[in-house]
Every structure is written in structure tokens, then in C-alpha cells.
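Peer 1: Below, each chain spelled out in residue letters.
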Amino acid sequence: MRTEFPRSTLKGLGVAVAAALTLGAGAAGAQPAGPPPLGAGGLPSGGLPPLPGGASGGALPQLPAGGPAGAPLGGFAMPQVPPTPAEQLIAGLAPPSPGVVFPGPALGPDAPTSSADPRDLQGTWYHNQKLETRIQRDMYGELAPYNMEGAKVLARRVKSKDAGKPFVNASAICRPPGPLWQRDLNMPFQIFQSNDAVEFVFEEYHGRWRVALDMAKAPPPAQKDYMGYSVGHWDGATLVVETSDFKQALWLDVDGTPLSANGKLIQRIRKVDNGDSKPFLEVITTIDDPTYYTRPWSVVRTFVWNPRMTYFDEYNCEEQVGDPSTDPDAGLVPEPKD
Amino acid sequence: MVMIKSRPRHGGGPVLVGALLAAGIAASATAQPATPNLQGVWKIAAPTNSLKPVSGPVPFTAEGRKQYDENKRLQAKGDYDDYDITLSRCSNPGTPRLMLIPSRFKIWERFGVVTFDFEWNQVIRQVNASKLEPKEDRIGRRLVPSATGTAVGRWEGDALVAESTNLSERTLLDDLVPHTVDMKVTEHFRLVDPDTLEDRITIDDPTYFTRPWDAVLTFKRQPATLFHEDVCLDRIKAKQPAFPQ
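As given, the protein sequences belong to chains D and W, one line each in that order.
Residues 1 to 338 in the working numbering are what the first sequence lists, from first letter to last.
Residues 1 to 245 in the working numbering are what the second sequence lists, from first letter to last.
Hints are computed from structural coordinates only; laboratory data are not their basis.
The reader is advised that the hints may include incorrect statements.
Said to hold, decoys possible - Computed far set for chain D versus chain W, every beta-carbon distance over 12 Å:
id : residue
1  : E149
2  : R175
3  : V201
4  : A212
5  : K224
6  : E282
7  : R308
8  : T310
As the list claims (entries may be wrong) - Among the chain D residues that face chain W by a calculated CB cut under 7 Å, a handful are:
id : residue
9  : N147
10 : D276
11 : E319
Unchecked claim - Computed footprint of chain D on chain W, listed as stretches where at least three residues anywhere in the stretch have a Cβ under 8 Å from a Cβ of chain D:
id : stretch
12 : 46-55
13 : 112-123
Virtual Cβ for every residue (Gly too), placed ideally from N, Cα, C.
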């Protein structure tokens, strides 16, 4: 994976400090301003706490023509960094719809507990963060590093949606939406695992995310999958999964933050248990896609243990979408090709 | 789909019976249940398109026979969407037809909830044999009958007994036999031997059948493996059958 520092280290540091303070993630100064630490020891040992509202989201501040105003930070004056054309394009978009999170049922004293083995991720997991309809920022609050192509694609999708003519995307036509969108939707999922594989079974979209731990037993498919091909290994107590070989480009969220078919997702997943039998999963996803971004960038989501959500509601997308009395594309319009 | 009216629904919704797995519930996620372990990969031993009664013909009522004949007529015309939206749209085949699918499925069991994870179109069905109350139904989804309905389970000796109700009449029992929304499907799953799973299915639907009737399906254990992604609608788009030949 390429490693580059953000365009403005100091600007990033300012945001990272604020985000770290908000998250209570230990000493703010311990967090580097550059790409998120992906090593097993790169984060506080207790992990990031569940985020009440996500590390990003909401309207982006409008960027003045002369760049962001300088701000004091520990005696440093923030440099005047003019926004890139891509940033200007993104900043001009209407803000995303606010996401919501529905609390899961209370665990109660008789709830099943998770295995004490940090490498045993099995069980039922559910969201404790708001759905982010447009991701926009990385886990430190830095604006996603769109290049001009990425900004154009996202702007096209957002403007089309705002004009009442949203584009067709995978989920709208009952196709697998990709690992990130699938996980981020406010639906529970179960994890099953063996020495050879880890399988995520989602309530919605007939969702499966299959992670091969032994490629010899689960080689890449003859034809590429919507969900890509995922290979994982253990780095200490962290499951590191690299997903690539996508059948088609993905939308990473509801508004259409793009990932090209050649893009790659690196997910670092670990169970954080503070000893209260209420563990959460921390999933740091690094998006590595030079087609649409100037550098890899990472987002973090957390999911709480909730075995009371193991019995799913049924999902039968095809019954509705295939109904001849309805529009087969649910009123969405085809997206122009790049 | 041509619908014939069904009898009014009677009261007495599903009751959580789960009195099992008390030990398993309190144990960790990965602890093995004290009940017979049905988990693994399975495949129907003798693929068939028909759910055949153990003895005799399907005991249709006149109303059931009328709907069955109508389905046969529509099948002959190729008007699949008028009677079988699984073939035309890849809609969930539902309970019990899912068990006739010729491809493999996995059985997972966690916290007393038994999940059937089908290779075909990545469909799942679940049987709630736990003490866990279903999660809150915020938008009233369960008020509408669904393909797999509400499935409540319990263990009787070495058998998992699953009772399914609230089953949509837009599904069929197999490729032709209809049912009403009032149908109750009772299944007894048990291991005949470590590599053979039996599903004894009892169909109870007085509107369409003169009496409850049984069918038995048998499944053979398959090697553990990751299934590949399967998207039925891609087959329909490519003018291929919903179920791979």
C-alpha cells in the first residue's frame, strides 16, 4: 500500500487533534497526522470507543477562495492552503442527509457472552453509529482525498440525487453493494468462522462477505464477484482482510462515494473487550484507489455485540423489484459511464 | 398470480416455545449446543421439483385443486410471473420449497437460532429455537406474511421441530402446489446418521388440503467450503433459468 502524507500536515494535525479529543482516544498528540496507523499496535490498546455519531458526516465547511483561515495551534499559525479544484467541487455540494442509528435491544443479564478469545469474532453484531450517507472524511476528520475524477463522480451522483433523478446502483437492483456499504447499513449481521474462513452473514441484501484465510481452500472465483475476493490473515488479534477483484465499481455509501473496480479495501477488524462482556468490533477500512483518490484513506466503524438480534427479519428484494407493476429500476436513472 | 380467497386467519399467533439450550444460551458464542449438532454443509440427496406426500396423492380440497390446475395452465403457457415469482423474479422460494433447491446449504446454530444459509441466491431462513425474543419490529414488517414467515423452534429428543406460520401465499410448496396464508408447516429435522439429515415436513392448510400431509426430504453432508457468490437476477438478465440446470 502506498504511504503518503496529506497535503497539509498541519491542517490535518489540527483536525486530528480535535477528533481525538472528541473521541477521547488518549493523548491527542500521540495520534499522527498522516495516514491512520494500521499496525496492530498503532491504536490505543483499548481501541477506539464506539462513536456516537461517526467521525465524520454533516455539512462540509465552505472553503473560502483564499483557502482555510489560519488558526493558532500550539503556537503554530496554520498555513494558508488553497483548496484543490476537487475540494472546491466537493465543498459546493449540498450536505448529505443526516443518518440515524436505532438502538438495539438491551442485552440484559442473561444475554449470551462473546468468547474470551480475541480471535473468535463469532456472534451477532449491530451498529452503534449513525449511518453515514456520504462518508466525506477519514477517521481523523480529514477530507477524503478525492482527486478530480473522484470528485466529479461523487458530485455527479449527489447532484443527480438532489435533482430527484438518482442513479441506479447495485442495491437498488438487488445486487450485492460491496463490503463497505453492506456493513455500514443499520442492519445486524452474524459472523461464523473456522480456521479456513470467516463468513459474515447480513440481514439485508442476501449479504455475504466471505473471507478466505486459506487461499488454497478458497481460491479466487472463475468470474469476479460483486463483493470482490477477500483474503485475510491474523496480525496478532487483528484480522486483516484485503478485498480486491471487484466485478464492477462500487458505491461506498448511499450518496455514491466511489470505488473503482480496480480499487482495494483493506479492513482491520478486531474485537475490543473491556472486560464487561459487552465487546465491540472495530473495523478500520483503508480505501486504496488511485483512480479516484490521491492517497489511501481510512474510516473507522464500530459494531456492538448483540445476540438478541440473531433472529433476522426476512429480506426479499426481488419480489418488489421484479414486480411488473412497478418500475424495474425503482425510478432511478442509469448513470452515465465515465 | 391468480389468487383464490383463503379462509380467515385465526388467532393464536406464534408462541415462543424455546425451552431448549438453556446451557447453550448462557455459554459463549462458540460453545457447542447440548442438542444434536445439525451444523455443516448439506445437499438434497435426490433432487426433485415436487414435494411428494409420503403416501398417496396430494389431498387437495376442491379449492386447492382449482388453484393447482390454474398453476399448471399458467406453467404450460410460460406465464411464470402469474404463479411462480421465484422462477420469474428470483423471489425467495419460501418454506418449505427452499429445502427442494438442488444446490447446497449450510446450517449454522448460534444462541439457539438455527440459520439455513443457502448457496442459491444467498437466501437464508432461520428457526428461532432460542429464548431470545425477536428484535423490535419498528416498521411492522412481520405484519405482512413473508416467504419464510415466522419460524419457531424447539427440540424434541434428537429432533429440531420448526413450526412456520405467516407464510406468504405468493410462494409455492414446490414448482406447482399452492398454499394459503393460513398454512402451518411443521418440520422435524434429525440426523439419521452423522452424514444424513432428514426433514419430515407436515403441511397443514385446511383451505387447500383435506388433511395434514407429510413429505420427507433427505440431505447428505458435503465437504466444508466457502460458497461462491450467487446472484439469481444475473441469470434472469442473461435469459437463464433461476435455478441453474
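Peer 1: How does the stretch 46-55 of chain W fare against chain D when you require at least three residues with a CB closer than 8 Å, holds or violated?
Peer 2: violated (count 0)
Peer 1: Test the statement that T310(D) is away from the interface with chain W: the closest C-beta pair must be farther apart than 12 Å.
Peer 2: violated (4 Å)
Peer 1: Against chain W, does E149(D) keep a CB gap of more than 12 Å to every residue?
Peer 2: Holds: least Cβ distance 28 Å, greater than 12 Å.
Peer 1: With chain W as the partner, please determine if E319(D) meets the hint condition of a C-beta pair closer than 7 Å.
Peer 2: Check passed: Cβ of E319(D) comes within 4 Å of chain W, closer than 7 Å.
Peer 1: Evaluate the condition: distance from the CB of R308(D) to the nearest CB of chain W exceeds 12 Å.
Peer 2: violated (5 Å)
Peer 1: Holds or violated: is the Cβ of V201(D) farther than 12 Å from all Cβ atoms of chain W?
Peer 2: Label violated. Min Cβ-Cβ 6 Å, cutoff 12 Å.
Peer 1: Quick check on the hint: D276(D) CB to chain W CB, less than 7 Å?
Peer 2: violated (15 Å)
Peer 1: For E282(D), which was marked as not at the interface, is the minimum beta-carbon distance to chain W over 12 Å?
Peer 2: holds (18 Å)
Peer 1: Is the listed coverage of the stretch 112-123 of chain W by chain D valid when you require three or more residues with a beta carbon under 8 Å from a beta carbon of that chain?
Peer 2: Per the Cβ count (6), the hint holds.
Peer 1: Using the nearest Cβ pair, does N147(D) come within less than 7 Å of chain W?
Peer 2: Status violated, d = 30 Å.
Peer 1: Once the closest CB in chain W is found, is it more than 12 Å from R175(D)?
Peer 2: violated (6 Å)
Peer 1: Beyond 12 Å from every chain W Cβ: check whether that's true for K224(D).
Peer 2: Not fine: 9 Å to the nearest Cβ puts K224(D) too close to chain W.
In terms of the numbered hints stated before, the structure departs from hints 2, 3, 4, 5, 7, 8, 9, 10, 12, listed from lowest to highest.
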